[in-house]
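Protein chains: 2
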Amino acid sequence: MKTSAIFYHAGCPVCIEAEQQVAEALDSARYDVKIVHLGEQKKEIEAAEAAGVKSVPAIVIDGAPFHINFGAPMSALKG
Amino acid sequence: MKTSAIFYHAGCPVCIEAEQQVAEALDSARYDVKIVHLGEQKKEIEAAEAAGVKSVPAIVIDGAPFHINFGAPMSALKG
Numbered sequence: 283m284k285t286s287a288i289f290y291h292a293g294c295p296v297c298i299e300a301e302q303q304v305a306e307a308l309d310s311a312r313y314d315v316k317i318v319h320l321g322e323q324k325k326e327i328e329a330a331e332a333a334g335v336k337s338v339p340a341i342v343i344d345g346a347p348f349h350i351n352f353g354a355p356m357s358a359l360k361g
Numbered sequence: 283m284k285t286s287a288i289f290y291h292a293g294c295p296v297c298i299e300a301e302q303q304v305a306e307a308l309d310s311a312r313y314d315v316k317i318v319h320l321g322e323q324k325k326e327i328e329a330a331e332a333a334g335v336k337s338v339p340a341i342v343i344d345g346a347p348f349h350i351n352f353g354a355p356m357s358a359l360k361g
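Chains as they are written, first to last, in my numbering: chain A, 283 to 361; chain B, 283 to 361.
To be clear, the hints were calculated from the coordinates, so they are not data collected in a lab. Cβ atoms here follow ideal geometry from the backbone N, Cα and C, with glycine treated the same way. One or more of the hints may lead you astray.
Stated by the list, open to error - Interface residues of chain B toward chain A, partial, derived using beta-carbon atoms under 8 Å:
1) Cys294
2) Glu299
3) Glu301
4) Ala307
5) Asp309
6) His319
7) Ile343
8) Ala346
9) Phe348
10) Ile350
11) Asn351
Stated by the list, open to error - Listing some non-contacts, in silico: residues in chain B with all C-beta distances to chain A over 10 Å:
12) Met283
13) Ala287
14) Pro295
15) Leu308
16) Gln323
17) Ile327
18) Glu328
19) Ala329
20) Asp344
21) Ala354
22) Ala358
Claimed, not checked - Covered stretches of chain A, going by a simulated chain B footprint (3 or more residues, C-beta under 8 Å):
23) 296-308
24) 337-345
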């Protein structure tokens, strides 16, 4: 069974670079990689915050949040 | 030819989690993953800084630095 890896972003340049370089680098044979654009899928913000995501881009691997560089705080994505 | 991915850390708990979850998740068929402990290999600090690494843990993929969460600033590893 593959490990879950959810990459959260908001379309910012920092996010796109991290998606192309880090999320794409994960081993798809071992990880089920899902990409979530929080600017477009605002209902996913709650799940991201519950996993400990404070800013984007971030990747939650097997439930653990890893913030990659800094694009935007979660607060900027709400409302 | 594989893409270079250098994971820089300093043995801190944040670093170890990132190593086990992120560095280990990279596709070794496509990436040549190298792990560098800057606390033990101080002569590598210069190369890490030249690549843009400001804190550890960080991973430099194909020359681009990605800081993962925050363990320690580079300044704490010197001297």
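Numbers of the earlier hints that this structure fails to satisfy, in rising order: The structure conflicts with hints 1, 3, 6, 13, 15 and 20, although it agrees with all the remaining ones.
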